[in-house]
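Asks: We have chain F; now place chain X onto it with these hints.
Each chain is listed here by its residues.
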Amino acid sequence: MDYIILFLLFAKVSLLTFGGGLASLPFLYQVFVTDNHWLSDAVFSETVALAQMTPGPIILNSATLLGYRHLGIAGSLTATVAVVVAPLLVVMALDWIFKNASGRARLWVDRIRIAMRPVVVGLLIVALWTVAMPVVHKTLLWGFSVLTAVLYFTIPFLRKYPQALLFGMAIVTTVLYAFGVTGLGV
Amino acid sequence: MESENLKSGKRLGIFAIFAMIFRISAFTLGGGAVLIGLIKDSVERTGLVPEEKTADMLALSLAAPGAMGISMSYQAGLALGGPAGAAAAVFGMALPPFIAILVLSSWLLAHMGSPYITAFFNGATAALVIVLAAIVWNLAKKNALKSLKDTALCLVVAVAVLVLKLSPVWGLLGGTVIGVIVNLLIDNTEK
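These protein sequences, in sequence, are chains F and X. Counting from 1, position 163 in the first sequence corresponds to residue 162 in numbering that gives the first Met the number 0; the numbering is continuous, with no gaps. Counting from 1, position 46 in the second sequence corresponds to residue 45 in numbering that gives the first Met the number 0; the numbering is continuous, with no gaps.
Derived from the structure by calculation, the hints contain no laboratory data. Be careful, since some hints might not be right.
Straight-line Cα separation of at most 16 Å, EDC-like style, residue types lysine to aspartate or glutamate; simulated pairs [unchecked claim]:
#	chain 1	residue 1	chain 2	residue 2
1	F	Lys98	F	Asp109
2	X	Lys140	X	Asp186
3	F	Lys98	X	Glu51
4	X	Lys141	X	Glu43
5	X	Lys145	X	Glu51
6	X	Lys140	X	Asp40
7	F	Lys159	X	Asp40
8	F	Lys159	X	Glu43
9	X	Lys141	X	Asp40
So that you can see chain F by itself, here it is in the shape it has in the complex (with noise of 0.2 Å):
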């Protein structure tokens, strides 16, 4: 029973969350600690800044550890598979119908998907601010973004696998940090 309420609530908030994961924490806040108290204050907070850190969506990991906190392994895999597959199933339902429309109801989803590449350009802007923000008011951090500028676009493999950039960067400030250097936002 545990397991099935753990895998409705998770369905539902990933179907109400759009747009970031941020979003569906205070919520999931509410359930776990103000409702239900399956969990302290502090051991939620310090279970979503891990889902923040860690790599993957952030509500897939708030899932995963959330889970794992409230029932084990188990409840892990049972919130993973619940964030997993509800919205997948919305998206298969749009995908269909982008895909099979047909007369007239093809000349309006043309004409949505036409409307919307803008609007998605925009809302990657609104992303790019949200995550340059935090680097804004750090010198030292801001000469980090415009060096992984310079390799992103001389070196074709970084373009290629970004990631190394991503890791690369991170090894650097830790290392500097370790050598007593300041202004890294630490």
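Replies: Using the frame of chain F, we list chain X on its own:
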């Protein structure tokens, strides 16, 4: 039905699809927007799916609820390898965070407040800004900067969400409705 996505009718093997998405999921720090951008790039690099389709995939991932990376992986897998490819891609996206969390969580929890961890993530974020900016710029060139009305619509949506604190999903819906209406009006005046 799926094969219409492919230029040549060729498909990618299930394992190749899994490996492609797994690698992106496992090594990309920084969240949904970067993930879907990098998946789009990788799918285009296979040369099997026209750019028109990958732009649609991106739009659908943003429009659907839940994790964008999962929605994008599903569509990429479907386009590259049919239903089995879609399953492989979703699995490839969901598995690395699951493993990472179970393996890393106790260690990370113990070092949570450590300034070294903060330094690490700050460095990654400094690089992330550039990687994401490059993704956004490439998309903007093709989808927003070709006509003045598209550029204006793109900026209006960005400002509405950033400054007026409009929720992104309303930005997407509202922006799309405005776009459809404006396009219809322009078509009518041209006739």
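Asks: All hints, please: hold or fail.
Replies: Status of each hint after checking the structure:
no. : hint                  : in the structure
1   : F:Lys98 <-> F:Asp109  : holds (10 Å)
2   : X:Lys140 <-> X:Asp186 : violated (23 Å)
3   : F:Lys98 <-> X:Glu51   : holds (13 Å)
4   : X:Lys141 <-> X:Glu43  : holds (14 Å)
5   : X:Lys145 <-> X:Glu51  : holds (15 Å)
6   : X:Lys140 <-> X:Asp40  : holds (15 Å)
7   : F:Lys159 <-> X:Asp40  : holds (8 Å)
8   : F:Lys159 <-> X:Glu43  : holds (12 Å)
9   : X:Lys141 <-> X:Asp40  : holds (14 Å)
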